[in-house]
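Chemist: Chains P and L supply the protein sequences, listed in that same order.
Counting with the numbering used here, you get residues 25 to 217 for the letters of the first sequence.
Counting with the numbering used here, you get residues 109 to 393 for the letters of the second sequence.
BS3-like cross-link-like pairs, simulated, lysine-lysine; straight-line CA separation at most 25 angstroms:
id : chain 1 : residue 1 : chain 2 : residue 2
1  : P       : Lys200    : L       : Lys208
2  : P       : Lys171    : P       : Lys152
3  : P       : Lys190    : L       : Lys344
Chain L is faced by these chain P residues, among others (derived, beta-carbon under 8 angstroms):
id : residue
4  : Ser103
5  : Arg136
6  : Lys188
Chain L is nowhere near these chain P residues, computed Cβ spacing over 10 angstroms in every case:
id : residue
7  : Val52
8  : Tyr73
9  : Arg80
10 : Asp88
Read the hints as simulated data drawn from the structure, not as lab findings.
Where is the CB? At the ideal position from N, CA and C, for every residue including glycine.
This is what each chain is made of:
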Amino acid sequence: MSAINLTTIIKDNQDFIKYVSGESGQPVQQCYQCGKCTAGCPVALDMDYSPNSIVRMVQLGLKDEALRSQSIWICAYCSTCTSRCPRNIDIAKIMDCLRGMAKRQGIKLEGRAKDIALFYDSFLNTVKDNGRLYELGMMLNFNLKSKNYLRDADTGLAMFTRGKIKFVPMRNENYKEMALLFKRVKELEDKSK
Amino acid sequence: MRYAYYPGCCDHTSAKEYDISTRAVCKALGIELMEIPDWSCCGSTPGHSTSHLLGIALSARNLALVEEMGLDCTASCAACYQRLAMANVEMKNDTQLCEKINHITGKPYRGGVKVKSILEVIAEMNQSQILAKVVKSLKNLKIAVYYGCLMVRPRDIQIDDPENPTIMDNLLQNLGAQTLEWNYKTECCGAALAMSNEDIVLKLANKILADAKSAGANCIVTACPLCHFNLDMRQKKVNKAYETDYNLPVFYFTQLVGLALGIKPEALCLRDHFIDTKHILKLIV
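So here's chain P without its partners, still in its complex pose:
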């Protein structure tokens, strides 16, 4: 990260700070950087910025840095940070909020983040089409899009021999309602952009 003028950035990015606090419902400014969230985070070592750094970025209005980070995607939403935070901030919810923003703003993702986002998309696409998760469809779609064609092929075979994988999707009766549900979510989110 190059040198930055925090005074200007905080001033220019008040909207971002307010949006994250409002959307996540979290008192972001209460964080005093004790680092307890990071100490307990099981995946902090795989992140580019520690969880407390991400919260600090939000406090300072460092929007681009936060939204482009790998950390917000690597967060596994285990909420250990949340349950231990002495300031009662739900850090996992802040991560959720930033992920959602990064997705809606079409931030170009790389590395681990790219695969995680692709996986989430593959999962949700099967839900949109079928109403329920279609595991095989999700796995094939994810492998295709992430260009790792044989990923988990051994797992798939072992699951198949135990009757743990279905070739055809399991749909709920009114599965066609689901596409409409996804559409309405998108409409509302586009409106509040």
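Given chain P's structure and the hints, the job is docking chain L onto it.
Modeler: Just chain L, lined up with the frame of chain P:
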């Protein structure tokens, strides 16, 4: 006792053992599970991780269906439990959000449903009622009881203490099992990252398995399909990646309760796990 039952998407596939053993145990204990007609996916981690509204709406659709049934709701999958319970809390606390979500789902939900995990439902039963039906003892089992994240965090939906839950330990102890003190009972297995970043998940699973083994466990028990999949199916991969030799069968708690109640192993799908369970089944007398 009668509950609207949310089995979750994995009930016919990767976690069919959990669904089948849950239904068998509930039947034996006199808990009537009515599957929610037309239930759809709760969105799991991918839902709430990418859109707050989508995450809530996918779960709220199911809560609205439960409300029509006039019953309280129970889910076996820990992820489904967390999603349904979170949507319930958020909609009850925020009328504006509730209106927005009802517009999205097209199914009005008024907030009249209670959501419980199946673990709570069984553990909260009168234990003497369960004991009266027990025919086999779990006394030779030394269990590392693994809760994971989704039932004990965050605070709004936790079914027990987030650092040292005991609800599943107590239930299994009442059936005679020895449950162990260990350090990883609520440590995350990284489920959401399993397909996209398996190396991270193998690292986390290795820590959990190592601690269970050093505590003297001869098996692990979970109440979550994602935890089960990571510890059972990926155990061989962990052994390969970290040159370890774990051979710890991973059970769903309903499978062990079922065995204690005298339900046949086949009816509890005990042969479908990746780590062979035979040597543990011999210890149940």
